[in-house]
Amino acid sequence: MSTLDPDKATAEQLAAGRIAPGPDVELGLADASLVDDPARRAPLVLNNRSFHEVTDIISGYTENKPGKWWWPVFGFTATVAGVGVLMILYLIFTGVGVWGLNNQVDWAWDITNFVFWIGIGHAGTLISAILCLFKQKWRTAINRSAEAMTIFAVICAGLFPAIHVGRIWFIWFVFPIPTYNYIWPNFRSPLLWDVFAVSTYFTVSLMFWYMGMIPDLAMLRDRAAKRLKHSPGVPRALPMLSIRADTIRLWVYGVLSVGWRFSSRHWHRYEKAYLILAGLATPLVLSVHSIVSMDFATAVLPGWHTTIFPPYFVAGAIFGGFAMVLFLLIPARELYPNMKDFITHRHLENMAKILLVTGSMVGFSYTMEFFIAWYSGNEYELFAFKNRATGPYWWAYWTMISCNVLSPQLFWIKRCRQHAGWVFLVALLVTIGMWFERFVIIVTSLHRAFLPGEWGMFFPTPVDILTFTGSCGIFLTLFLLFMRYLPIFAVAELKAVMPQADPHHHGDEDAGGPEPAAAKEPA
Amino acid sequence: MPLSDYFPFLPPKGTGFVTPEGRPVHAIVAEFDTPAAVYKAAERIRDAGMRKWDVHSPFPIHGIEDAMGVRPTFLPRLVAAMGFAGAGLALTMQWWMNYIDFPMVVQGKSLNAWEPFMPVIFELGVLLAAFTSLLGMLALNGLPRWHHPLFSKDQFLEVSDDRFFICIEARDPQFDPMRTKALLEQVGGTNIDLVED
Chain A
1082 MSTLDPDKAT AEQLAAGRIA PGPDVELGLA DASLVDDPAR RAPLVLNNRS
1132 FHEVTDIISG YTENKPGKWW WPVFGFTATV AGVGVLMILY LIFTGVGVWG
1182 LNNQVDWAWD ITNFVFWIGI GHAGTLISAI LCLFKQKWRT AINRSAEAMT
1232 IFAVICAGLF PAIHVGRIWF IWFVFPIPTY NYIWPNFRSP LLWDVFAVST
1282 YFTVSLMFWY MGMIPDLAML RDRAAKRLKH SPGVPRALPM LSIRADTIRL
1332 WVYGVLSVGW RFSSRHWHRY EKAYLILAGL ATPLVLSVHS IVSMDFATAV
1382 LPGWHTTIFP PYFVAGAIFG GFAMVLFLLI PARELYPNMK DFITHRHLEN
1432 MAKILLVTGS MVGFSYTMEF FIAWYSGNEY ELFAFKNRAT GPYWWAYWTM
1482 ISCNVLSPQL FWIKRCRQHA GWVFLVALLV TIGMWFERFV IIVTSLHRAF
1532 LPGEWGMFFP TPVDILTFTG SCGIFLTLFL LFMRYLPIFA VAELKAVMPQ
1582 ADPHHHGDED AGGPEPAAAK EPA
Chain B
2 MPLSDYFPFL PPKGTGFVTP EGRPVHAIVA EFDTPAAVYK AAERIRDAGM
52 RKWDVHSPFP IHGIEDAMGV RPTFLPRLVA AMGFAGAGLA LTMQWWMNYI
102 DFPMVVQGKS LNAWEPFMPV IFELGVLLAA FTSLLGMLAL NGLPRWHHPL
152 FSKDQFLEVS DDRFFICIEA RDPQFDPMRT KALLEQVGGT NIDLVED
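Chains A and B, in that order, give the protein sequences. Heads up: take any position in the first sequence, counting from 1, add 1081, and you land on our numbering. Heads up: take any position in the second sequence, counting from 1, add 1, and you land on our numbering.
Please note: incorrect hints may appear among the correct ones.
What the hints assert, rightly or not - As a list, the in silico DSS-like pairs of lysine-lysine whose alpha-carbon atoms are at most 30 Å apart:
hint, chain 1, residue 1, chain 2, residue 2
1, B, K182, B, K154
2, B, K182, A, K1310
3, A, K1307, B, K110
4, B, K41, A, K1218
5, A, K1307, A, K1149
6, A, K1421, A, K1495
7, A, K1310, B, K154
8, A, K1307, A, K1146
9, A, K1434, A, K1421
10, A, K1146, A, K1310
11, A, K1434, A, K1495
12, A, K1307, B, K154
13, B, K41, B, K182
14, B, K110, B, K41
15, A, K1218, A, K1467
16, A, K1495, A, K1307
17, B, K41, A, K1216
18, A, K1216, A, K1467
19, B, K53, B, K41
20, B, K182, A, K1307
21, A, K1421, A, K1218
Said to hold, decoys possible - Chain B is faced by these chain A residues, among others (derived, beta-carbon under 8 Å):
hint, residue
22, F1132
23, K1149
24, K1576
It should be emphasised that the hints constitute simulated quantities derived from the structure, not laboratory data. We put the CB at the ideal spot given by N, CA and C, even for glycine.
Can you make the complete structure from the sequences, with help from the hints?
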């Protein structure tokens, strides 16, 4: 066995069942993905699964009835989402006065929520695009759900700027539509850049997500067709109409999978298109949050008017988004059978490391903002930052610091980043902290502007609180529906990273004959 | 991609081969168990000079393009062209709207400064390029389509699970039911069967 080829060595050991859990078993949680031997590559799928088992397990998540937890959880999130929709309607019928905005603080929870959600949306594209370009194979287990999360987070994000304009029926003014009044939008405004950036981002993320799903939807289509052909007695969705659940699946998945027939000539163009989309989405994801930060940075307000904003916002977005991915996937892998074979401890540990890195970048940005406020000699800037840490909103500032900068530092300790419970806790804290970060940036800068006459405080109304809670409900409801009806994993990609997918791999299933060493190596 | 795939009322171009029941033959399909087996078989079919044939696999097999002799796709150039077209369109739109048709002075900046136009130029360039890569990929693949003769094969439904297939179409100039079948047997295919159109 050559230890110079970790893939091959791992494949051989997997085949022989020789891969054992790593040394850190005292928590009872470590699995075989945590191998520390650099000569062996950690397996991406545990328990030596075959292709057929992978197909069966993952299709089962959408084909079988969900666990008992699903309906109560879905009912709860759908109710919260319903309250959110009512609050939005109330706002539209009444006016933005139902929020706690005032003349001093005229952007508060609305824009906080917008930046919070759009930031969360960034992790999905980071996982699918940037990790794809870096050939990080572990992304295949989490990219589908992270992309879905991106779509739903951007939906929640788009909601807030749309409704905060007050008279939403004039929202079409932001688009360059030829009208009788001959006025065009001002393309020199970052707010207009935002319209283009967020809508492009949503569209491209949606295409990326959908394109990745085509083969997996075709898999669900084929399975439905097979069951319809071979077992006439399957349960019916609507008994009175005599329509089988599989007939609906065949049609819906059939239409969505556009007649995909797994042809290698198609795969060739598909992979190229996927790589191009990844290459396009990478600068896109960096541009979107940079442009969001310019909404603030191009204003002259102390605390907003800084050049560090674009990279600082991008790091924060990746940070908050990864926290949300972990927040959703750690419960999911407990609730769904066999999901731990795909989302292993190695995946959690990798994401914990990204949290540590991006959390430290965010901490560096916080420090650097303070340093520049002092170093610039600008008294307004210095006051804005002193006021953040010690003014009336000190509690928000210190919540942000402890959640975002201090809590991820736990991941220097190996045991913490390998323990799902600790990772979940930190992810939760980071999600809270990132909301507070946006609140601190927006409200503390606005509530003490240049003139004392512009000084005031912001107090949220119940409508503010219920609208934000409602947006969380909308997000979770959409995510639960995704988990119920669409392939949660990128099955085709997952199969392609399994050791037996390598055309030059000769495991036990390829019985007979010594390995032809002269197998043609593709250029 | 024959037009009759999209418009069923057009008469399909016959290949001259029919099954014993008199139905036109679309292809011969053979099954394989592993990516390694289908990879080696693909190399031999490529070397036998076949043109209209394909490998079907549940996931993209690494390096199968070379084993099949597939030429690199035209798609990246198409995407690049559309991306630059989108960027150019965005520049023209902003420049015309904010400089020619309705000049608007904002913060005393020069009317024809290109810098503030960059974000939208970038976004629209990416948008058009992304649309082109998804829709272009589907179009070059001849998708979407409702049906394909292969879908009528029960065994072919397993391709999305863990089976690998090689399908040699009757349109291939070298196609001959007996000899093609023998070739597929020779390269290790099992369950070799005719696919009706």
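Here is what the structure says about each hint:
no. : hint                : result
1   : B:K182 <-> B:K154   : holds, 17 Å
2   : B:K182 <-> A:K1310  : holds, 27 Å
3   : A:K1307 <-> B:K110  : violated, 65 Å
4   : B:K41 <-> A:K1218   : holds, 25 Å
5   : A:K1307 <-> A:K1149 : holds, 28 Å
6   : A:K1421 <-> A:K1495 : holds, 20 Å
7   : A:K1310 <-> B:K154  : holds, 11 Å
8   : A:K1307 <-> A:K1146 : holds, 19 Å
9   : A:K1434 <-> A:K1421 : holds, 19 Å
10  : A:K1146 <-> A:K1310 : holds, 21 Å
11  : A:K1434 <-> A:K1495 : holds, 10 Å
12  : A:K1307 <-> B:K154  : holds, 11 Å
13  : B:K41 <-> B:K182    : holds, 17 Å
14  : B:K110 <-> B:K41    : violated, 65 Å
15  : A:K1218 <-> A:K1467 : violated, 45 Å
16  : A:K1495 <-> A:K1307 : violated, 47 Å
17  : B:K41 <-> A:K1216   : holds, 26 Å
18  : A:K1216 <-> A:K1467 : violated, 44 Å
19  : B:K53 <-> B:K41     : holds, 18 Å
20  : B:K182 <-> A:K1307  : holds, 26 Å
21  : A:K1421 <-> A:K1218 : holds, 17 Å
22  : F1132               : holds, 4 Å
23  : K1149               : violated, 29 Å
24  : K1576               : holds, 4 Å
The structure fails hints 3, 14, 15, 16, 18 and 23 (numbered hints given earlier, in ascending order).
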